Amino acid sequence: MTPQEISNAVALHRRHVEGRVGGVRANLTLQSVPRVDLRGVNLRGAILAGARFERASMARADLSHADLFAADLQHADLTGARLMRADMRGIRLTGARLTEADLERADLRPPALVDAASRLSGDHLAADDLERGRTLRAGLARARLVGADLRSANLRSADACGADLVHADLSGADLSMARLRGALLRNADLSACRVDGASFGGADRGGASVEQTDLGRADLSDAILPARLD
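In terms of our numbering, the sequence shown opens at residue 228 and continues consecutively.
No lab work stands behind these hints: they were computed from the structure.
Note that this is a predicted model, so its numbers are computed, not measured.
Quick reminder that beta carbons are idealized off the backbone N, C-alpha and C, glycines included.
There could be a bad hint or two in this list.
[Unchecked claim] Simulated DEER-style distance windows between Cβ atoms:
1. A419 / R282: 18 to 26 Å
2. G322 / H292: 43 to 51 Å
3. G246 / R282: 30 to 38 Å
4. D423 / G267: 50 to 58 Å
5. Q439 / G249: 50 to 58 Å
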């Protein structure tokens, strides 16, 4: 898509969101739009499955309820973006900046191959792409992830210092070498997680479930309140 086509799609989508005549829901499925400038735009509920937004500028954009299934947002700037209840299964976020982004109840689970087959076509998503899409080596510092579904997500080496993960489901996630200092993990599900070398210093883990998680392999210095041992 050309910059003008993208601009037109965003304008029509805004009319759609506002319930105005002539509005059309944006559908950028499988489109390649690297380095696009979408700062502050309203793409609430847009269909962006499989789209390629590498190094895009999307700070303060409203992507809440958007379909971002298997989208490529590597090295994108999502500072302060609104991603509440977005479908982010299989998304690629390596190097993305999500500082202060709001991901409340976003779905960040890895996708099943059958999901991808039914949602997308073409050779854009091979099996190895889906596997890589499970890795969220992104900057999640101070991100709001309240109630987010991160089951089996690969957060290895992720920076989530100060992130709000209250009631988040991280069961089965790989948190090896992740930085979670000062994170809010109250009532989060951390069962069966890999936490080798993870730093939870100063994190609030009150009421968190850690069944089948070996916390002896993590740095728990100055952690606030003991987790619930189920």
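How the hints compare with the structure:
1. A419 / R282: 18 to 26 Å: Violated - the Cβ-Cβ distance for A419 and R282, about 35 Å, lies outside 18 to 26 Å.
2. G322 / H292: 43 to 51 Å: 25 Å, violated
3. G246 / R282: 30 to 38 Å: 33 Å, holds
4. D423 / G267: 50 to 58 Å: Since D423 and G267 have Cβ atoms about 39 Å apart, the given range 50 to 58 Å is violated.
5. Q439 / G249: 50 to 58 Å: Given a distance of about 54 Å, which is inside 50 to 58 Å, the answer is holds.
Checked against the numbered hints above, the structure violates hints 1, 2 and 4; every other hint is satisfied.
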